[in-house]
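Join these two chains into a complex; the hints should help.
Quick mapping for you: the protein sequence lines, in order, are chains A and B. If you count by the numbering used here, then the first sequence holds residues 1 to 346, one letter each, in order. If you count by the numbering used here, then the second sequence holds residues 347 to 601, one letter each, in order.
These are computed hints drawn from the structure, not numbers from a lab. A couple of the hints might just be wrong.
Computed footprint of chain B on chain A, listed as stretches where at least three residues anywhere in the stretch have a Cβ under 8 Å from a Cβ of chain B [as the list claims (entries may be wrong)]:
1) 142 to 152
2) 186 to 194
3) 251 to 257
Partial pick of chain B residues on the chain A-facing surface, computed with a CB cut under 10 Å [claimed, not checked]:
4) Gln470
5) Gly477
6) Ala479
7) Thr484
8) Trp494
9) Asn574
10) Val578
11) Ser583
Distance windows between CB atoms, simulated [as the list claims (entries may be wrong)]:
12) B:Ser493 x A:Phe346: 30 to 38 Å
13) A:Ser37 x B:Glu504: 32 to 40 Å
14) B:Ala423 x A:Ile306: 53 to 61 Å
15) A:Lys225 x B:Thr526: 17 to 25 Å
16) B:Arg463 x A:Ala138: 35 to 43 Å
17) A:Arg199 x B:Arg463: 48 to 56 Å
18) A:Ala257 x B:Asp511: 26 to 34 Å
19) B:Thr429 x A:Glu153: 26 to 34 Å
20) B:Thr515 x A:Asp83: 46 to 54 Å
21) B:Glu588 x A:Tyr245: 28 to 36 Å
22) B:Asp453 x A:Lys41: 33 to 41 Å
23) B:Thr535 x A:Glu153: 37 to 45 Å
All residues carry an ideal CB built from backbone N, CA and C; glycine is no exception.
One letter stands for each residue in the lines below.
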Amino acid sequence: MKLLLYSVIILIGASCSSDKDNYIPIENINLEFTVPSNFPKPTYKMALNPPTEKGFELGKKLFYDGRLASDGVVSCGFCHIQDFAFTHHTHIVSHGVNGALGTRNAQPLHNMAFMKEFTWDGATMHLDLQPIIPITAAVEMNETFNSILQKLEEQPEYVKLFAEAFEDQKINTDNLLKALSQFMVMMVSANSKYDKIERNEGSVFTKEEEAGFELFKTKCASCHKGTLFTDQSYRNNGLPIDSLYNDIGRKRVTGLAEDIYKFKVPSLRNIELTFPYMHDGRLKTLSDVLDHYSNGIENSETLDPILKQNDTLGISMTPQEKQYIISFLKTLTDDDFLNDNRFSEF
Amino acid sequence: MKKTTYILFTILIIISSCKNDDETTTETFGTVVLDFKNTIKTNGIELITDLYTNSSNEVYNISELKYIISNVVLIQANGEEFTYPVDRSYFLVNEEVLDSKKIKLSDIKTGEYTKIRFGIGVDQSKYPLNGMANFIPTAEENAMLWSWSAGYIFLKFEGSYTANDGANTDFLIHIGSHGTTLDNYKQITLDLPETLVIQESKSPEIAINVDVEKIFDGPNTHSLEQKNSIQVDPEFSPKIAENIGDMFNAVSISN
Numbered sequence: 001m002k003l004l005l006y007s008v009i010i011l012i013g014a015s016c017s018s019d020k021d022n023y024i025p026i027e028n029i030n031l032e033f034t035v036p037s038n039f040p041k042p043t044y045k046m047a048l049n050p051p052t053e054k055g056f057e058l059g060k061k062l063f064y065d066g067r068l069a070s071d072g073v074v075s076c077g078f079c080h081i082q083d084f085a086f087t088h089h090t091h092i093v094s095h096g097v098n099g100a101l102g103t104r105n106a107q108p109l110h111n112m113a114f115m116k117e118f119t120w121d122g123a124t125m126h127l128d129l130q131p132i133i134p135i136t137a138a139v140e141m142n143e144t145f146n147s148i149l150q151k152l153e154e155q156p157e158y159v160k161l162f163a164e165a166f167e168d169q170k171i172n173t174d175n176l177l178k179a180l181s182q183f184m185v186m187m188v189s190a191n192s193k194y195d196k197i198e199r200n201e202g203s204v205f206t207k208e209e210e211a212g213f214e215l216f217k218t219k220c221a222s223c224h225k226g227t228l229f230t231d232q233s234y235r236n237n238g239l240p241i242d243s244l245y246n247d248i249g250r251k252r253v254t255g256l257a258e259d260i261y262k263f264k265v266p267s268l269r270n271i272e273l274t275f276p277y278m279h280d281g282r283l284k285t286l287s288d289v290l291d292h293y294s295n296g297i298e299n300s301e302t303l304d305p306i307l308k309q310n311d312t313l314g315i316s317m318t319p320q321e322k323q324y325i326i327s328f329l330k331t332l333t334d335d336d337f338l339n340d341n342r343f344s345e346f
Numbered sequence: 347m348k349k350t351t352y353i354l355f356t357i358l359i360i361i362s363s364c365k366n367d368d369e370t371t372t373e374t375f376g377t378v379v380l381d382f383k384n385t386i387k388t389n390g391i392e393l394i395t396d397l398y399t400n401s402s403n404e405v406y407n408i409s410e411l412k413y414i415i416s417n418v419v420l421i422q423a424n425g426e427e428f429t430y431p432v433d434r435s436y437f438l439v440n441e442e443v444l445d446s447k448k449i450k451l452s453d454i455k456t457g458e459y460t461k462i463r464f465g466i467g468v469d470q471s472k473y474p475l476n477g478m479a480n481f482i483p484t485a486e487e488n489a490m491l492w493s494w495s496a497g498y499i500f501l502k503f504e505g506s507y508t509a510n511d512g513a514n515t516d517f518l519i520h521i522g523s524h525g526t527t528l529d530n531y532k533q534i535t536l537d538l539p540e541t542l543v544i545q546e547s548k549s550p551e552i553a554i555n556v557d558v559e560k561i562f563d564g565p566n567t568h569s570l571e572q573k574n575s576i577q578v579d580p581e582f583s584p585k586i587a588e589n590i591g592d593m594f595n596a597v598s599i600s601n
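If we strip away everything but chain B, and leave its shape as in the complex, we get (with noise of 0.2 Å):
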């Protein structure tokens, strides 16, 4: 009897320990996607006709616009944040390519959401292999890598400006870290216009406003008189990444 007792209570015991295996948990998930454009006041840039002014009164166009957005979290109005899986949490925005600019995020925990938070370039004081590595082939191909080191550029900046001897001359900032000694990974939070709202089933979309114009002119200015190559610099390549900190700006959500 005693022991029929015992199998009856095993057999219990692992059929609701199975159960609880095979179970889905109730959260649900949807989706989100952040649409980055790429402004100067307010309008959206057009690579190489376009001309534009700097408030050094430097006028430029713009051949090149690229730049790496990175680990996205969603924060809720208690402060409860949703991080985006960190090895799925690389993207490569570039001007010229019309589906790199809207950034697609699935599973999504479902809720509300009033802020958003993510890097820009990639934060290397981490452990690198988080599945950033996987991004390296992305990378490769959009030339978003110095090939003498074996770090990212975060972001690429490419035109040509009217010097001022009249001369047009050629522009180009790459700004990325500089092995251990300097960190140019920023990470940025945003504040949502009005609550983002993730249901199953909706794709809500998050526009967010670049203003291309603060490379030049946010925090810090510069002109491209005073240097008009910033590579690995590390006088100026930190500047330009504050002001590159300040260029997001979330507008409008569509629920």
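Just chain A, with the same shape it has in the complex (with noise of 0.2 Å):
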């Protein structure tokens, strides 16, 4: 009797789904985002676009692929290299195709989830739309959307890859995007000795680390704040004006005179290894850029008013100072992020 019933269902069960298409689903994990517990709450709507095993796979293989440039050769990874925190090693400004220069240092790629705008003057107001910039700028990977989507459609592997990935299976702009998200997103870093003293693992700063912390407290955490290490202000820090570039910052995204020359506070996070520093990269070394904080500020009528307290120029520091902070910020460095097999091209 029971064998009946069972087999009766079973029966009523194929004959129902066989009215539908051929529909075979397939398995794609939802991946689990955990935001660290010393970290503010993500501003990227994981729910809109949640990243998913194939999801995160499809978004890394389209990272390192020549293919969303012309030349096929300059890939997202090509200037984000994970061993610098996601920066272009040494290169003061991103290399493009055919040998192009841009006119802006690579940004690090990490905790993009937890970030409100985007690039150094806040030209993308989220991180789905980011790679449009790189990926279209004469100067960078100079391509077409068009032309990617060609291009990927020829690639069996990719036809998989995005029919795996998202329900609807198409390999279109939507889609692309999504999955490059879905790979940055992950890119959490939140595992530097810094963290971990302040999640009270256990870890100890040493003395000069202490006091380095003490004294980056007062000098330098009302821009670079929080856990983040950025207020995600755009601000003018001073620098004399680059006559090669004459970069307005800000302004070109806004128009704004008040906007002018002012730049992303940038993340901390990793700063050991991001060199060089500063929008254009023209500073080499972290003690050239707390040289600039005390020496160098130049006046001008954007500057940020914080570098202009009582009539002077800068941030006092002594040259021992700078050391301790140099020491405290060398804490941010995250190892675990930096050799994460999640993220590696090979």
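Spelled out as structure tokens, the structure:
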């Protein structure tokens, strides 16, 4: 009797599903996105583009694929190298196709799920749209989305991956950008010595680091704020105008005179490895950076008021204090992140 | 006996649920064509050859006119709305390309509609990947993306004019949003001159007159003398965006 019941159900079930298309569900597991306990809430709306195993795999493949550039070589990973927190190691400005030079230093990629706007001037308000800039910029990847989509259609591997990663199974711009985001939001750097101390996981600062941290709190943290080490604002930090680029900074996005020469306050995580520094990579070492803040500030109309207190330019720091601050900054290096195989090209 | 009842009952439930899945709903769908006509003083514009005069007495010609129409919604007399699928709801109207001025929308719920609402540009305040990114290749081909930013150009209006000193000077007006600081996306609602009836197997047209002169002479007056190149311009772009929002009118329906 029982057997009859089961077989009836099975038969009916089968006839029911055979009416539909021959849809074979592919196993595409959702990836867990864990917010570190010392981090704020992510700004990226995970629910609208939940990272999945296949989406991440696709995003990673795209990230390291030269097909996204017109010369077939300059992938995202070309300028964003993991060993250096996804920056273009030692390159002052980013390099593009056919040896073209950009005008700005490639920024590190980490903790992007927590950022409100992207690029040095905030030209993108959403991570999903950010890749449009480097992909289409003539001095970077110099490619069109039409051409990329065509190239990807010709690759059976991509046809398969897109189909597995997205419900509509299509190779289109939406899915391409979503996959890149799924890869990038998972890049969380939160396992530095500093984090382990902040989360009371047993690590302790050395005396120098401790002294550096105290100095950092009074001299740097008003802009490099909180666990992300940036307040995500745009500020003119007193760099002399570079006549080669004459980069107007945030004014390019807003058109506002008050935004001229302002750039986004960068996070300081993994700062030890992201040299050279500043939006145009003009400063080689952390020591150069601190020297700029103590002695190199140039006054201008939009100079940040914090750097012009009591009619004095800059932040006063003794050489000893600078050493301490640098010791502290090095506690922000996250080796787990830098060596995390999930993000590695090979 | 009891078991047999169970089986019968189970079969009944499964069969009925099965049927429900397969039965299509009673809703039916039709199509509508939006016919955009770019005009100056009710006459269709002629690129390059024709000369026009704005209220600031500037004589100009037009070499390029393109704009993005998005997020189309049809509204019934009782206020009920039919939203055209968002992921298919981005269109580029290019004066130069005849086909682009007739936007065919299929799968519209049958019924009677009295209003239409649409956006000029792209609503970047919404989560961008609801299909919006799939418009990138089209925007790219038509040079409606700002290269340095991940933003769309909502309207491009270019040509040349005779300046006060008699010299022929180019003008260029590119309107879009400026990052998060200024949103120039506009949504407008137009009353339809008569009821639009969407039926299966019919394809009515809504003729939309686009009064191009309003770019200069709308709620705000703009003379090229003031500024002849407007791109990321926080002073003039919102004024022109407001003018653009005023240039559309639904003039007739052919049911």
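Okay, the hints, checked on the actual structure:
no. : hint                            : result
1   : 142 to 152                      : holds (count 4)
2   : 186 to 194                      : violated (count 0)
3   : 251 to 257                      : holds (count 5)
4   : Gln470                          : holds, 7 Å
5   : Gly477                          : holds, 6 Å
6   : Ala479                          : holds, 4 Å
7   : Thr484                          : holds, 9 Å
8   : Trp494                          : holds, 6 Å
9   : Asn574                          : violated, 16 Å
10  : Val578                          : holds, 4 Å
11  : Ser583                          : holds, 8 Å
12  : B:Ser493 x A:Phe346: 30 to 38 Å : holds, 32 Å
13  : A:Ser37 x B:Glu504: 32 to 40 Å  : violated, 54 Å
14  : B:Ala423 x A:Ile306: 53 to 61 Å : holds, 59 Å
15  : A:Lys225 x B:Thr526: 17 to 25 Å : holds, 19 Å
16  : B:Arg463 x A:Ala138: 35 to 43 Å : holds, 38 Å
17  : A:Arg199 x B:Arg463: 48 to 56 Å : holds, 50 Å
18  : A:Ala257 x B:Asp511: 26 to 34 Å : holds, 28 Å
19  : B:Thr429 x A:Glu153: 26 to 34 Å : holds, 30 Å
20  : B:Thr515 x A:Asp83: 46 to 54 Å  : holds, 53 Å
21  : B:Glu588 x A:Tyr245: 28 to 36 Å : holds, 35 Å
22  : B:Asp453 x A:Lys41: 33 to 41 Å  : holds, 38 Å
23  : B:Thr535 x A:Glu153: 37 to 45 Å : holds, 40 Å
In this structure, the earlier hints numbered 2, 9, 13 are contradicted, and the remaining ones agree with it.
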